[in-house]
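Here are the chains, one letter per residue:
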Amino acid sequence: MSQNTLRTPQRGTTEAAWVRYTLTGIALAFMFLFLVLPLAAVFTEALRKGWDAYWEALKEPDAWSAIRLTLITAAVAVPLNLIFGVAAAWAIAKYEFRGKSFLTTLIDLPFSVSPVVAGLIYVLVFGAQGWLGPWLMEHDIKIVFAVPGIILATMFVTLPFIARELIPLMQAQGNEEEQAAIVLGATGWQTFWRVTLPNIKWGLIYGVILCNARAMGEFGAVSVVSGHIRGQTNTMPLHVEVLYNEYQSAAAFAVASLLALLALVTLAIKSVVEWRHEREMKTIAERPPEKPHTQPSPAAVPRNRGGLTQETPDKARP
Amino acid sequence: MTTTTLPARTAPFFASPRRSARVLPGFNLTLGFAVLYLSLIVLIPLSALVLKTFTLTWPQFWEAVTSPRVMASYRLTFGAAFIAALVNAVFGLLIAWVLVRYSFPGKKIVDALVDLPFALPTAVAGISLTALLAGNGWVGQFFEPYGIQLAFNPNGVVIALIFVGLPFVVRTVQPVLEDAEKELEEAATCLGATRWQTFSRVIYPSIAPALLTGFAMAFARGIGEYGSVIFIAGNMPMVSEITPLIIIGKLEQYDYAGATAVATVMLVISFILLLVINGLQGWQRKRSAGASQ
Numbered sequence: 015m016s017q018n019t020l021r022t023p024q025r026g027t028t029e030a031a032w033v034r035y036t037l038t039g040i041a042l043a044f045m046f047l048f049l050v051l052p053l054a055a056v057f058t059e060a061l062r063k064g065w066d067a068y069w070e071a072l073k074e075p076d077a078w079s080a081i082r083l084t085l086i087t088a089a090v091a092v093p094l095n096l097i098f099g100v101a102a103a104w105a106i107a108k109y110e111f112r113g114k115s116f117l118t119t120l121i122d123l124p125f126s127v128s129p130v131v132a133g134l135i136y137v138l139v140f141g142a143q144g145w146l147g148p149w150l151m152e153h154d155i156k157i158v159f160a161v162p163g164i165i166l167a168t169m170f171v172t173l174p175f176i177a178r179e180l181i182p183l184m185q186a187q188g189n190e191e192e193q194a195a196i197v198l199g200a201t202g203w204q205t206f207w208r209v210t211l212p213n214i215k216w217g218l219i220y221g222v223i224l225c226n227a228r229a230m231g232e233f234g235a236v237s238v239v240s241g242h243i244r245g246q247t248n249t250m251p252l253h254v255e256v257l258y259n260e261y262q263s264a265a266a267f268a269v270a271s272l273l274a275l276l277a278l279v280t281l282a283i284k285s286v287v288e289w290r291h292e293r294e295m296k297t298i299a300e301r302p303p304e305k306p307h308t309q310p311s312p313a314a315v316p317r318n319r320g321g322l323t324q325e326t327p328d329k330a331r332p
Numbered sequence: 002m003t004t005t006t007l008p009a010r011t012a013p014f015f016a017s018p019r020r021s022a023r024v025l026p027g028f029n030l031t032l033g034f035a036v037l038y039l040s041l042i043v044l045i046p047l048s049a050l051v052l053k054t055f056t057l058t059w060p061q062f063w064e065a066v067t068s069p070r071v072m073a074s075y076r077l078t079f080g081a082a083f084i085a086a087l088v089n090a091v092f093g094l095l096i097a098w099v100l101v102r103y104s105f106p107g108k109k110i111v112d113a114l115v116d117l118p119f120a121l122p123t124a125v126a127g128i129s130l131t132a133l134l135a136g137n138g139w140v141g142q143f144f145e146p147y148g149i150q151l152a153f154n155p156n157g158v159v160i161a162l163i164f165v166g167l168p169f170v171v172r173t174v175q176p177v178l179e180d181a182e183k184e185l186e187e188a189a190t191c192l193g194a195t196r197w198q199t200f201s202r203v204i205y206p207s208i209a210p211a212l213l214t215g216f217a218m219a220f221a222r223g224i225g226e227y228g229s230v231i232f233i234a235g236n237m238p239m240v241s242e243i244t245p246l247i248i249i250g251k252l253e254q255y256d257y258a259g260a261t262a263v264a265t266v267m268l269v270i271s272f273i274l275l276l277v278i279n280g281l282q283g284w285q286r287k288r289s290a291g292a293s294q
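Residue numbers (the numbering used here), protein chains in the order written: chain X, 15 to 332; chain R, 2 to 294.
If we strip away everything but chain X, and leave its shape as in the complex, we get:
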């Protein structure tokens, strides 16, 4: 207690310097051990045999086909999940209906299901012994152990990302702006493109890049449905596994380094999006209050929310 009285008043809500430095030191050391070292190890191991070997590993046809398959998978899965995410967020955030919280829980389900189980369920539906297996065999359609199965499993695993990002965002923004647009005669599409989309664009980008990172990096679910046919149904993570198990460590890490780069780019875009969003929120918050004469408020809409969301439709920057 005697020490307390010696402190300056503003120290009341922070710790002594040595405590601050110790805590920061422990936190940073932990992050260095668990996050920085693994990341550094990927690139070091990839270049262990030099740049030539690195390029060789990436130029290999199997590696190329893995890269291509990964890109195709993400190119199909991400846009579909984007449409789903926007539709689900619109329905959940803009309306009240029964079963809403149940629906929200269901959207979260793929996050908590083990990726292996996610792959297994598609084998059970489309596999040779599955529900649709015989019919698919008759018509010579391959889904499991082929590209469609990989895409489906990826869609399952990445389904919640965009919806999860958009639902709270759109709920926080409320309905007033859209209602105003409709009352002023805009069609539903116009309202969405001109009012809703500009408001949710940061959340949308955020969700899309996270969804994309997971779609390109998914391993467990894809590994169950892929069948591991080299050069045909191996995505990049699966190719990494194959090379690693064949003791081609440098080649495995070379392909892995591409995925690590993807992760770094994802983090960079994500941070930029966050900073942009923060700055935008700050400029909105710092804007002077509206004058009632210059900006007629939408009369038909009850004003029951904070001023923040009311001001966003005019995107004119100060």
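Please note that a few of the clues may not be correct.
[Unchecked claim] Per the computed footprint, the stretches of chain X lying under chain R, defined by three or more beta-carbons under 8 Å from a beta-carbon of chain R, are: (1) 35-49; (2) 129-135; (3) 212-222; (4) 278-291.
[To be verified] The following label-pair restraints were derived from C-beta to C-beta distances: (5) R:Q254 - X:N259: 14 to 22 Å; (6) X:K156 - R:Y103: 19 to 27 Å; (7) X:A30 - R:G107: 52 to 60 Å; (8) R:T58 - X:S285: 34 to 42 Å; (9) R:N279 - X:K156: 34 to 42 Å; (10) R:D180 - X:D122: 16 to 24 Å; (11) X:W289 - R:F55: 46 to 54 Å; (12) X:N259 - R:N279: 36 to 44 Å; (13) X:P182 - R:G80: 57 to 65 Å; (14) R:E182 - X:A200: 38 to 46 Å; (15) R:Y103 - X:P182: 23 to 31 Å; (16) R:V240 - X:D122: 30 to 38 Å; (17) R:Y103 - X:K63: 35 to 43 Å.
Everything labelled a hint here was simulated from the structure, so no lab data went into it.
Only a predicted model underlies this, so the values are computations on that prediction, with no experimental measurement involved.
Even for Gly, the Cβ is constructed at its ideal location relative to N, Cα and C.
Using the hints, position chain R against chain X.
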């Protein structure tokens, strides 16, 4: 926004929205599409799993999910996930605290780096952690002389799960800490509380729900995790074989029934955890709503 709306008793499960919200178009379209998509991608395939389980007789099912090898895998999976989530709760709270309360050079980069386990594919994390922790790796070499093996045994599983679970705790605790009211702490200090008392009696109760949510999320993720673990675990039956790997093993032997049975157990557990997490989040919302009033 009254709370006294009584939905009509005859309304279907997904009933129409209340009249006041009807101004906006697209309810039927968006809800219809969302439900259809969710059914096709998630619900119907998941029900295939459940229905397949029902084709087993009870003794078959019981034998599949309680054989000694499977039981050993449950112990490892749940034990490792629990320890990892506990470690993450402690260090995740510490990292969130440091990121919110203190400033230091490079803080923004450190903040961005927290999400690395979300962005880095699990297979990459798996091989890279294995390279680090193996007896000749950067980290493993310091433990090797003392006879401590970090990779290819349950230790490796725990470390991999710490890696994948860390962001869950940091990212759930961080916003709550940011919103915490400084006035309460000031009041506590003015009333003569030491810094530790302020933390344990004022700050900690307000972040406890978020911390518990983060713990549960990291735990749930740890139970299902596959990619990062299989490289580092060594995958010895009865010792370092996780439950998802059991499912894969059964599938590779075309034992679809056995794989389905174990998968159903995992599905039920993850569903329970999902409900727990939802409940915790509801508690947290109520807590923060109560605090702001």
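Right, here's what the structure says about each hint:
With a threshold of 8 Å between beta carbons, the proposed coverage of the stretch 35-49 of chain X by chain R holds, since 10 of its residues qualify and at least three are required. Counting residues of the stretch 129-135 of chain X whose CB falls under 8 Å from any CB of chain R gives 5; the rule of at least 3 is met. Counting residues of the stretch 212-222 of chain X whose beta carbon lies closer than 8 Å to any beta carbon of chain R gives 0, which falls below the threshold of three, so the coverage claim is violated. Three residues within the 8 Å Cβ limit are the bar, and the stretch 278-291 of chain X against chain R gives 7, so the coverage statement holds.
Distance hint for Q254 of chain R and N259 of chain X: a CB-CB separation of about 19 Å, consistent with the stated range 14 to 22 Å. For K156 of chain X and Y103 of chain R, the Cβ-Cβ distance of about 56 Å falls outside the hinted range of 19 to 27 Å, so the restraint is violated. Distance hint check: the CB atoms of A30 of chain X and G107 of chain R are about 23 Å apart, inconsistent with the given range 52 to 60 Å. The given range of 34 to 42 Å is broken by T58 of chain R and S285 of chain X, whose C-beta atoms sit roughly 54 Å from each other.
Between N279 of chain R and K156 of chain X, the C-beta spacing of about 38 Å keeps the proposed range 34 to 42 Å intact. For D180 of chain R and D122 of chain X, the Cβ-Cβ distance of about 23 Å falls inside the hinted range of 16 to 24 Å, so the restraint holds. The given range of 46 to 54 Å is respected by W289 of chain X and F55 of chain R, whose C-beta atoms sit roughly 52 Å from each other. Our hint of 36 to 44 Å for N259 of chain X and N279 of chain R holds, since their Cβ atoms are close to 39 Å apart.
Restraint check, P182 of chain X to G80 of chain R: a C-beta distance of roughly 34 Å breaks the suggested window 57 to 65 Å. Remark: the range hint 38 to 46 Å for E182 of chain R to A200 of chain X is upheld by a beta-carbon distance near 40 Å. At about 28 Å, the CB distance of Y103 of chain R to P182 of chain X agrees with the hint of 23 to 31 Å. Between V240 of chain R and D122 of chain X the CB atoms are about 33 Å apart, so this pair conforms to the stated range of 30 to 38 Å.
Under the hint 35 to 43 Å, the C-beta atoms of Y103 of chain R and K63 of chain X, about 42 Å apart, fit the expected range.
The structure does not agree with the numbered hints 3, 6, 7, 8 and 13 stated previously, though it agrees with the rest.
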